[in-house]
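Chains as they are written, first to last, in this note's numbering: chain Z, 5 to 367; chain C, 4 to 836.
Quick caveat, the hints were computed from the structure, so don't treat them as lab data. Glycine is no exception: its CB is placed at the ideal position from the N, C-alpha and C atoms. Worth double-checking, as some hints may not be accurate.
[Unchecked claim] Calculated Cβ distances over 12 Å to all of chain C for the following chain Z residues:
1. Asn130
2. Met131
3. Thr153
4. Asn154
5. Ser232
6. Pro299
7. Arg360
[To be verified] Computed footprint of chain C on chain Z, listed as stretches where at least three residues anywhere in the stretch have a Cβ under 8 Å from a Cβ of chain C:
8. 56-64
9. 110-121
10. 263-276
11. 340-346
[Claimed, not checked] Derived lysine-lysine pairs resembling DSSO-like cross-links, with alpha carbons at most 27 Å apart:
12. C:Lys132 / C:Lys83
13. Z:Lys300 / C:Lys343
14. Z:Lys266 / C:Lys343
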Amino acid sequence: MTQRYLILEDGSAYAGKAFGSLATTTGEIVANSTMNGYQEIISNQIYHNQIIVFTQPSIGNTGLDQNAYESILPSAKGVIVREYENLATDHFKRISLDRYLKQHKIPGIYDVDTRQIRHHLQQFGNMKASIVDVADDHAFDQLHATVLTNQQVAQVATPKPYPNPDDGDNVVVVDFGLKSGILRELSKRNCNITVVPWDSSSETILDLDPDGIVLSTGPGAPFNLPDSILQMIRDVQSQVPLFGMGLGHELFALANGAKVVKMRVEHHGSNHPIREIITNEIFFSAQEQGYAVDPKSIDHAKLFITHVDLVNGTVQGLRHRDYPAISVQFSPDGAPGPKDSVGLFDDFIEFMARRRDSNGDRY
Amino acid sequence: MAIDIKKVLLLGGGPTSIGHENELDAAAFERVMALKKTGAQIIYVDNNPFSFASEEIQPANVYVQEVNFQNVINIIDKEKPDAIMATTGGLNAMQIAWQLAESDVLTTNNITLLGMRPTDLKKVIDNQKLRNLLTEINEQVIASKIVANDEEAMDFVRDVGFPVIVKPISPSHDTSRFICNNTDELEDALEVSFKRTYIKRCSIEQSIVGYKEIEMVGLRDSNGNKILISGLEDMDPIGIHSGDSIIFAPTQTLINEEYQALRTATFRIMDALNIAGTCHVQFAQSRTDSNYFVTKVSPFFTRNTLLAAKATGYPLTYVSSFLELGYTLTEIKLPTKYSKYLAFMEPTMDHVVVKIPLWPFRDITDVDQHLNTLMKSVGSTIGIGRTVEEAIIKAMHSSQFSPRDILPSVSTVDDDAVINQLIHPLASRILILMEALRRGFSIDELSELTRIDRFYFYKLNQLLRAQDFVINNPLSAQAVEIGHNYGFGDGMLAELWQVNISTIRRINRNCNPVTYKEVEPSAGEFRETTNIFYSSYELENESKSDSGKTALVIGRGGNQLGPNSAADYYTSQILWTLKKSGYKTIIMNTNPNAVSLTPQLSDKQYIEPIQLGNILNIVSLEKPDVMFLPGNRHYLSNELEKFADLNMIVLPPDQKVAKYKNHQATTAIDVFIDQDKIIPITSISFFTRSDRTEVRYINDYQQPMEQWQTDETELISKALKLLDTSKWQGLVQVLFNKVDSHYHFSGIRPIRITETAFLTKTTGVNWVNALVKKHLGILDFNQLEKQLIPETHQRYSIMKAHFPFRELQSSRTDGTTRQEVGASLSFKNMSNT
Chain Z
5 MTQRYLILED
15 GSAYAGKAFG
25 SLATTTGEIV
35 ANSTMNGYQE
45 IISNQIYHNQ
55 IIVFTQPSIG
65 NTGLDQNAYE
75 SILPSAKGVI
85 VREYENLATD
95 HFKRISLDRY
105 LKQHKIPGIY
115 DVDTRQIRHH
125 LQQFGNMKAS
135 IVDVADDHAF
145 DQLHATVLTN
155 QQVAQVATPK
165 PYPNPDDGDN
175 VVVVDFGLKS
185 GILRELSKRN
195 CNITVVPWDS
205 SSETILDLDP
215 DGIVLSTGPG
225 APFNLPDSIL
235 QMIRDVQSQV
245 PLFGMGLGHE
255 LFALANGAKV
265 VKMRVEHHGS
275 NHPIREIITN
285 EIFFSAQEQG
295 YAVDPKSIDH
305 AKLFITHVDL
315 VNGTVQGLRH
325 RDYPAISVQF
335 SPDGAPGPKD
345 SVGLFDDFIE
355 FMARRRDSNG
365 DRY
Chain C
4 MAIDIKKVLL
14 LGGGPTSIGH
24 ENELDAAAFE
34 RVMALKKTGA
44 QIIYVDNNPF
54 SFASEEIQPA
64 NVYVQEVNFQ
74 NVINIIDKEK
84 PDAIMATTGG
94 LNAMQIAWQL
104 AESDVLTTNN
114 ITLLGMRPTD
124 LKKVIDNQKL
134 RNLLTEINEQ
144 VIASKIVAND
154 EEAMDFVRDV
164 GFPVIVKPIS
174 PSHDTSRFIC
184 NNTDELEDAL
194 EVSFKRTYIK
204 RCSIEQSIVG
214 YKEIEMVGLR
224 DSNGNKILIS
234 GLEDMDPIGI
244 HSGDSIIFAP
254 TQTLINEEYQ
264 ALRTATFRIM
274 DALNIAGTCH
284 VQFAQSRTDS
294 NYFVTKVSPF
304 FTRNTLLAAK
314 ATGYPLTYVS
324 SFLELGYTLT
334 EIKLPTKYSK
344 YLAFMEPTMD
354 HVVVKIPLWP
364 FRDITDVDQH
374 LNTLMKSVGS
384 TIGIGRTVEE
394 AIIKAMHSSQ
404 FSPRDILPSV
414 STVDDDAVIN
424 QLIHPLASRI
434 LILMEALRRG
444 FSIDELSELT
454 RIDRFYFYKL
464 NQLLRAQDFV
474 INNPLSAQAV
484 EIGHNYGFGD
494 GMLAELWQVN
504 ISTIRRINRN
514 CNPVTYKEVE
524 PSAGEFRETT
534 NIFYSSYELE
544 NESKSDSGKT
554 ALVIGRGGNQ
564 LGPNSAADYY
574 TSQILWTLKK
584 SGYKTIIMNT
594 NPNAVSLTPQ
604 LSDKQYIEPI
614 QLGNILNIVS
624 LEKPDVMFLP
634 GNRHYLSNEL
644 EKFADLNMIV
654 LPPDQKVAKY
664 KNHQATTAID
674 VFIDQDKIIP
684 ITSISFFTRS
694 DRTEVRYIND
704 YQQPMEQWQT
714 DETELISKAL
724 KLLDTSKWQG
734 LVQVLFNKVD
744 SHYHFSGIRP
754 IRITETAFLT
764 KTTGVNWVNA
774 LVKKHLGILD
784 FNQLEKQLIP
794 ETHQRYSIMK
804 AHFPFRELQS
814 SRTDGTTRQE
824 VGASLSFKNM
834 SNT
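Required output: the full structure, derived from the provided sequences and hints.
Shown next as structure tokens:
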């Protein structure tokens with residue numbers, strides 16, 4: 005068991021044992037408190053350039069399941085956990101977590117006090133971190149010198165469009181670092197999907213004759229993306245039903261004049277109650293949130309808030325006043341996390357059906 | 004909207020038994036504390052003499068009666084409550100609530116049933132209606148049929164095939180079930196079952212033996228908001244009763260899809276039943292695909308509901324009390340120690356909890372000890388750790404009931420017996436699993452034989468390897484570190500290496516010191532102050548010692564037979580007295596069902612094995628001003644006495660100080676002695692079912708004694724003359740044996756725990772309180788004397804022991820004091836005799 009270190013930008017260092025790849029990496033460190041679905045979490049592109057601290061004490065217990073990848077090429081920069089289990093369930097033809105991380109060059113450290121790290125991050129906020137062999141001055145110098153890219157979306161999103169055919173509604177999914185859960189839910193509803201690159205123009209998208217458009221989840225800050233994206237959103241939202249999630253939600257908000265701010269501490273978990281304002285009901289969903297729409301900046305002539313997080317008060321859902329366009333900050337597909345809000349996909353299907361029924365008269 | 008309640012009738016859980024420990028009393032106690040905040044008047048009915056909850060209610064409002072339909076109706080007639088709460092009274096109370104609804108008692112008296120509407124309750128109580136409901140909401144249930152004869156049973160089997168499970172239909176008792184793999188077994192099972200049902204009906208169902216058993220505990224408010232408190236995974240497959248299974252929280256071997264499907268199903272079921280409060284749903288999860296069955300729906304407090312609360316640190320009982328009263332999750336105001344969001348945040352854990360059941364086979368040996376669908380355990384104990392291994396070792400440790408810190412071994416069992424026990428498990432199951440691994444059985448083979456997920460064998464294997472390393476590298480700092488990491492306490496290391504514990508503590512100085520982590524439901528997101536801690540050897544210690552006067556109370560751990568539920572009552576009284584006397588109280592315990600672990604009774608809780616090493620670690624951190632050791636624990640008290648700076652009080656004093664002239668007794672005089680002053684409390688008559696007079700069989704008591712009118716005064720003065728106050732202090736009992744109307748002196752002993760509880764209930768004086776105060780030097784003797792005004796006896800109080808013989812299918816009827824599982828209390832008017 006090789007000893008390795010997690011070092012943080014503020015000078016703290018944690019010794020632990022290595023698993024997965026032995027690569028030296030640097031990324032932004034975030035804690036995730038969702039209790040199930042380590043596979044979905046690690047393979048979610050939202051963690052591009054991030055080191056994930058699992059508060060769940062033990063991961064790897066069930067191996068990796070062929071049906072539960074959120075992307076084929078995970079690009080997280082590290083996995084930190086109290087205890088990991090290198091199990092593969094032959095029965096389901098699963099591979100082990102260790103093997104998976106090695107394949108994808110993701111380093112892991114276990115046997116560290118993840119609860120203390122969580123407390124530390126809650127107190128001091130987001131920061132850079134590295135996984136290194138030696139926690140010496142050189143390592144810290146390297147860490148401080150590393151400038152993390154702000155071009156995450158371009159690095160993970162598909163460069164070329166591709167179809168996922170079926171015989172239902174034509175849905176164009178704009179890929180900002182798409183998680184597969186979105187495709188899975190659309191497929192369950194028989195959507196005929198075309199996934200297009202993040203920088204596709206409104207013409208390219210509308211030429212595909214979509215019944216609806218999905219703005220996907222993805223990594224990084226929405227304001228690092230060019231304004232052309234916001235223009236694309238403004239162009240299409242008046243034409244076809246729109247559904248944004250995660251980064252897609254933040255972009256939808258920006259496109260309609262709202263501001264997005266970086267949170268002091270990223271929130272990754274599924275324990276916060278989200279209130280649906282119209283029904284006053286609360287539910288739970290996986291949240292992987294580093295940015296939040298500033299509620300004060302919302303132009304109420306264009307948007308209204310549909311969901312809020314009852315713990316930190318952040319905006320969790322928006323709807324356009326004039327168009328059938330909705331967006332949510334969380335991941336309603338429940339991969340991982342609760343499926344309480346999976347019905348939002350049905351709402352989206354309903355929007356498309358209504359548009360067809362009205363023969364597009366409104367547009 | 005909150006329902007306006009002026010007077011609420013709370014149904015108690017009754018005497019403890021197999022299938023029901025102190026958890027209902029613990030829940031009732033927390034509930035009473037919560038209800039008090041609403042200003043509602045509480046009426047309570049229960050005949051458990053060890054009920055702590057009932058003591059927080061005005062005595063005039065407590066009905067010491069069996070919780071049954073007729074008694075409840077009489078109470079309703081007299082008290083005219085406007086609401087009934089049945090969810091902390093177990094299945095029995097829910098059935099009574101249903102009967103009240105069915106017989107229109109609720110509507111005619113305008114009584115609201117809290118938690119569920121009567122129409123929905125009916126769907127839970129009536130099995131067929133529940134099946135219909137589940138089918139309606141697309142939840143799969145096991146094929147099942149009620150049959151009246153063998154032919155109907157055979158017809159059913161022709162449809163669904165073997166294996167099937169047969170159980171007699173009997174209203175009181177739902178535990179006996181038989182798995183049948185072929186026609187012969189079916190015939191045998193039907194024969195036995197038809198004998199056990201007076202309505203001559205049996206249920207027969209498709210068997211899902213070998214499936215994983217998963218449990219979910221959820222909360223719902225009257226607006227339909229829901230949160231999942233915790234998932235629980237039984238290590239043992241379906242086929243072993245959940246109450247006899249080792250349970251893990253959180254679930255360990257479910258993938259996200261499976262877990263979320265069960266969570267969603269739980270919510271759907273709570274919605275369909277319009278539950279306001281808690282609900283515990285059990286599932287059978289296939290090992291080969293995502294298929295599952297709903298096996299049990301319990302919209303009331305169960306052991307595992309409380310386990311889920313203990314595991315997460317979520318104040319479940321408190322919150323659900325308000326939910327039943329109609330509050331919504333977001334309206335509930337929690338006590339200030341919790342963050343304001345906590346009530347409606349879904350608990351998330353960063354630790355592992357393992358529950359291991361405790362079986363009564365040490366005290367009742369002549370019964371079938373195999374674990375099957377019939378529950379046999381009488382208690383349980385939990386271990387909490389930051390890793391699965393650590394939690395397993397701690398739970399195993401606590402389940403051994405030896406404070407000597409030994410990891411027991413079953414290496415003497417021969418190979419055939421090992422294989423036999425793998426297939427037909429006994430109580431020592433986990434030890435056999437480890438032994439099989441040690442002997443080189445492959446994990447696949449073991450998983451196949453036992454239907455236990457391979458994951459658990461990997462974990463047990465890691466533990467074995469750690470243990471081997473520790474044994475082979477004695478007294479090395481590395482072995483200490485590895486030992487600590489896997490949950491081996493200092494006492495255990497000392498035992499393995501045959502050295503004194505202080506030697507280990509010296510090596511320790513070079514290792515990471517012990518740290519304590521808080522059990523709280525946000526996984527470190529918020530700094531909660533649940534003040535529930537467990538140990539681990541990591542970096543950050545979250546438990547800070549309190550300033551001010553502190554008292555540490557060493558709990559008894561999981562229930563076994565004997566005076567255990569009484570001991571929990573006794574321990575709770577000690578805590579309560581200390582708290583009311585201005586001490587900061589610290590409890591150490593591992594029994595998830597204990598009243599003594601309810602948050603109101605202590606400022607701090609340590610869920611740690613009750614072992615010497617763990618106690619010393621806590622003592623060095625907390626430096627308590629006083630330490631209480633309730634119950635007879637010779638080894639612990641002897642060992643702890645070696646540490647001179649511990650101000651330790653053992654209550655009641657060790658029974659070894661008892662002086663017997665002979666071991667026969669029929670009558671006793673109970674007294675309280677403080678310095679040279681003696682207060683006679685009362686006389687007692689002893690009974691046994693078989694008219695024995697041996698002391699060890701005495702389990703039934705009556706206060707006052709038979710023929711008290713003529714004999715009591717004289718016997719009291721006789722007793723007082725026999726007592727030497729320089730030798731006897733506190734609660735003391737003078738025993739007499741009556742032969743031919745002569746009372747012969749048989750001995751003097753400290754009053755036992757069960758009888759102390761009995762005395763407290765019958766005399767109206769809290770004797771544990773008096774004892775604790777006496778030891779703290781703050782007893783007001785004159786006031787105590789005034790409280791106990793001698794008066795003519797108005798009634799007989801009778802406490803009768805309950806034995807688990809019927810549940811264990813033993814033909815015994817009379818047991819010893821070490822075999823009782825609980826007791827019932829009743830009163831009899833003098834005029835009736």
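Each hint, compared with the structure:
Residue placement check: Z:Asn130 keeps its beta carbon more than 12 Å from all beta carbons of chain C (closest about 15 Å). Z:Met131, annotated as away from the interface, keeps every beta carbon of chain C farther than 12 Å; the closest lies near 17 Å. Residue-level check passed: Z:Thr153 sits 28 Å from the nearest beta carbon of chain C, beyond 12 Å. Every C-beta of chain C lies more than 12 Å from that of Z:Asn154, the closest at about 27 Å, which supports listing it as non-interface.
Residue placement check: Z:Ser232 keeps its beta carbon more than 12 Å from all beta carbons of chain C (closest about 36 Å). Against the 12 Å criterion, Z:Pro299 stays outside the reach of chain C, whose nearest CB is about 18 Å from its own CB. Residue-level check passed: Z:Arg360 sits 29 Å from the nearest beta carbon of chain C, beyond 12 Å. With 4 residues carrying a beta carbon less than 8 Å from a beta carbon of chain C, the stretch 56-64 of chain Z meets the three-residue requirement, and the given coverage holds.
Under a criterion of three residues with beta carbons nearer than 8 Å to beta carbons of chain C, the stated coverage of the stretch 110-121 of chain Z is upheld, 5 such residues being counted. Residues of the stretch 263-276 of chain Z lying with their CB closer than 8 Å to a CB of chain C number 4, which satisfies the three-residue condition for coverage. With 5 residues having a beta carbon nearer than 8 Å to a beta carbon of chain C, the stretch 340-346 of chain Z meets the requirement of three or more and the stated coverage holds. Distance restraint check for C:Lys132 and C:Lys83: the Cα-Cα separation of roughly 31 Å exceeds the 27 Å cut-off, and the hinted pair is therefore not satisfied.
Between the alpha carbons of Z:Lys300 and C:Lys343 the distance comes to roughly 24 Å, so the proposed pair stays at or under 27 Å and holds. In summary, the hint linking Z:Lys266 to C:Lys343 is supported, as the alpha carbons are separated by about 24 Å, within the 27 Å threshold.
The structure fails to meet hint 12 from the earlier list, while all remaining hints are met.
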